[in-house]
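Q: Single-letter residue listing:
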Amino acid sequence: MDLLKQIGIMYLLAFAIALGVAALIKMLFFFFTNNHSMRWFENHTYQSLRKVRQQHERRKNENMRKSKEFENESHVEIIDYYYGNN
Amino acid sequence: METIEWKQVFQGIGTLMDSPWIITSARIFLMFLGMALVYLGRKNILEPLLMIPMGLGMAAINAGIMFMPDGTQGNLFVDPLVTDIDELLAILQIDFLQPIYTFTFSNGLIACFIFMGIGSMLDIGFILYRPFTSMTLAMFAELGTLATIPIAMAMGLNINDAASIAMVGGADGPMVLFTSLTLSKDIFVPITVVAYLYLGLTYGGYPYLIRLMIPAKYRGIKMVREKRPVKAISPGIKLTFAVLLCVILCLLFPVAAPLFFSLFIGIAVRESGLKHVQEFIEGPLLYGSTFFLGLLLGVLCEAHLLLNPKILILLILGIIALLLSGIGGILGGYFMYFVKRGNFNPVIGIAGVSCVPSTAKVAQKEVSKINPDALILPEALGANISGVITTAILTGIYISLLS
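Protein chains in written order, with the working numbering: chain A, 337 to 422; chain B, 2 to 404.
These aren't lab readings, by the way, just hints derived from the structure by calculation.
Virtual Cβ for every residue (Gly too), placed ideally from N, Cα, C.
One or more of the hints may lead you astray.
As the list claims (entries may be wrong) - Simulated crosslink set (SDA-like; lysine to any residue; CA at most 25 Å straight-line):
(1) B:Lys362 - B:Phe336
(2) B:Lys44 - B:Phe292
(3) A:Lys341 - B:Gly157
(4) A:Lys362 - B:Val244
(5) B:Lys8 - B:Asp19
(6) A:Lys362 - B:Pro358
(7) A:Lys362 - B:Asp19
As the list claims (entries may be wrong) - Chain A is nowhere near these chain B residues, computed Cβ spacing over 10 Å in every case:
(8) Ala37
(9) Leu50
(10) Thr105
(11) Leu110
(12) Ala148
(13) Pro151
(14) Gly237
(15) Thr241
(16) Leu246
(17) Ala258
(18) Ala269
(19) Glu283
(20) Lys366
(21) Lys370
(22) Thr391
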């Protein structure tokens with residue numbers, strides 16, 4: 337009786353895992369072939385990547401602008417120092 | 002001139018004459034059986050790829066027994082029972098098949114190579130379309146894998162040996178080899194030989210079971226498929242599925258992780274477009290491994306090794322396991338027939354027995370005989386591939402719980 341119970345448990349466990357695998361397959365299949373979910377996937381991956389890249393570009397431009405301003409200002413200061421402005 | 006010791010000159014005959022009658026008759030029987038296997042393989046009645054090397058190996062090993070320097074009887078092929086490291090090192094330099102046996106067979110590597118080959122040939126798209134149907138059918142077709150255990154125990158086997166021989170019901174050679182290597186080290190040779198012998202028989206025996214259990218009007222059912230267009234499954238999706246499933250199954254059953262990994266690495270190679278690697282795995286690796294497996298199984302059928310009192314029990318249990326799995330598969334087919342309200346051909350159930358792709362081909366052949374328009378192969382292959390996964394799951398459960 338114990339043996340049959342043990343075998344029954346093993347079968348139920350195997351069946352549960354098999355159905356779990358089937359559910360996983362179904363989920364993956366639905367997710368990757370459904371237009372809505374693919375759009376969500378793209379929004380959350382490609383678009384967020386694009387946002388990060390845009391922020392990076394913006395920051396880079398800002399830095400360049402600032403460094404140019406600094407360069408110009410320093411030039412003015414150096415010229416002022418050597419040649420005087422008066 | 003001294004008298005010539007003819008027994009020493011023709012040692013094969015000499016050992017036959019010097020052995021007890023039971024060993025002598027077993028050796029003669031196995032020589033003829035080996036030759037018969039070669040013949041049946043040549044005629045395509047049994048799987049030639051396995052049966053020709055196995056048959057010839059069986060005949061040659063039983064013919065080539067000689068007197069060893071210590072006076073005992075032995076051979077120059079392989080010694081599977083050696084365990085002492087020093088002795089093993091000596092034998093590795095003498096027996097020509099010992100390196101292949103020690104480094105590929107007894108650690109399950111050859112089973113893993115075959116699994117890689119099977120994986121690289123599997124198109125998992127068939128189960129991605131209908132996973133629940135395929136998995137349910139495959140679980141029904143595992144009836145023999147479970148129901149044989151109490152029968153085997155009633156016949157006097159312990160639970161480990163019973164589980165090993167019950168794995169024959171899963172109809173997957175590498176799984177039987179792997180399970181018996183882990184659970185039944187003492188009798189893994191006869192169990193594996195029985196398994197491979199019977200797997201060759203499924204192709205011949207299952208059509209009769211189908212005809213016996215399913216009336217012609219059900220066998221000819223042509224399924225009406227849904228009208229909506231089938232969504233394409235890209236290789237990327239299949240690869241994602243293979244990777245996720247491999248990780249999950251390895252996480253659940255680390256003891257069967259080598260088998261899971263081998264199967265899914267084959268699928269991953271196929272789906273990631275590594276053409277040269279795929280050609281290598283499904284060509285030289287798979288065929289080479291199957292050839293050497295056949296050869297080793299043949300030379301392991303030496304009379305001294307096979308004359309185990311359990312062998313007759315194993316022969317009976319092996320056929321019971323395969324028969325029960327076939328019956329379970331067909332019952333699963335009927336179950337799906339009722340669930341789908343008649344729009345399902347019950348013959349597909351037999352394909353849940355994971356003898357890829359033999360049982361799927363058998364199912365389609367039987368259906369085509371009644372109704373040439375009925376196409377069941379996609380559903381049958383789905384159940385077939387699921388059968389490999391469910392057998393691997395049961396292997397994991399048996400090894401985890403019983404070892």
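Q: Could you run down the list of hints and mark each one as holding or not?
A: Here is how each hint holds up against the structure:
Under the criterion of a C-alpha separation no larger than 25 Å, the hint pairing Lys362 (chain B) with Phe336 (chain B) is consistent with the structure, at around 21 Å. At roughly 18 Å between alpha-carbon atoms, Lys44 (chain B) and Phe292 (chain B) fall within 25 Å of each other, so this suggested pair holds. Under the criterion of a C-alpha separation no larger than 25 Å, the hint pairing Lys341 (chain A) with Gly157 (chain B) is consistent with the structure, at around 19 Å. Annotation: proposed proximity of Lys362 (chain A) to Val244 (chain B) holds, straight-line Cα distance about 15 Å (limit 25 Å).
At roughly 9 Å between alpha-carbon atoms, Lys8 (chain B) and Asp19 (chain B) fall within 25 Å of each other, so this suggested pair holds. For the hint linking Lys362 (chain A) to Pro358 (chain B), the alpha-carbon distance of about 23 Å falls within 25 Å, and the restraint holds. Of the supplied pair hints, the one linking Lys362 (chain A) and Asp19 (chain B) is violated, its CA atoms being roughly 65 Å apart against a limit of 25 Å. Non-interface status of Ala37 (chain B) relative to chain A is upheld: no Cβ of that chain comes within 10 Å, the nearest being about 37 Å off.
Remark: the non-interface label on Leu50 (chain B) is consistent with the geometry, its nearest Cβ contact in chain A lying 30 Å away (cut-off 10 Å). Non-interface status of Thr105 (chain B) relative to chain A is upheld: no Cβ of that chain comes within 10 Å, the nearest being about 29 Å off. Distance check for Leu110 (chain B) against chain A: the nearest CB is about 26 Å away, which clears 10 Å, and the non-interface claim stands. In this structure Ala148 (chain B) is not separated from chain A by more than 10 Å, as the shortest Cβ-Cβ distance comes to only about 8 Å.
The beta carbon of Pro151 (chain B) is not kept farther than 10 Å from every beta carbon of chain A, the shortest such distance being approximately 6 Å. At the 10 Å boundary, the C-beta of Gly237 (chain B) falls inside the reach of chain A, the nearest C-beta of that chain being 8 Å off. Here Thr241 (chain B) does not stay apart from chain A, with its beta-carbon only about 6 Å from theirs, under the 10 Å limit. With a cut of 10 Å on Cβ distances, Leu246 (chain B) falls inside the contact zone with chain A, its closest approach being about 6 Å.
Even its closest Cβ contact with chain A, about 15 Å, leaves Ala258 (chain B) beyond 10 Å, as expected for a residue assigned away from the interface. With 10 Å as the threshold on Cβ separation, the claim that Ala269 (chain B) sits away from chain A holds: the shortest Cβ distance comes to roughly 15 Å. Distance to chain A confirms Glu283 (chain B) as a non-interface residue, since its nearest Cβ pair spans about 23 Å, more than 10 Å. Look at Lys366 (chain B): its CB is around 27 Å from the nearest CB on chain A, clear of 10 Å, so calling it non-interface holds up.
For Lys370 (chain B), the shortest C-beta to C-beta distance to chain A comes to about 31 Å, beyond the 10 Å cut-off, and the non-interface label holds. A Cβ of chain A approaches the Cβ of Thr391 (chain B) within 10 Å, the least distance being about 5 Å, so the stated non-interface status is violated.
Consistency with the previously given hints fails for numbers 7, 12, 13, 14, 15, 16, 22, ordered from lowest to highest.
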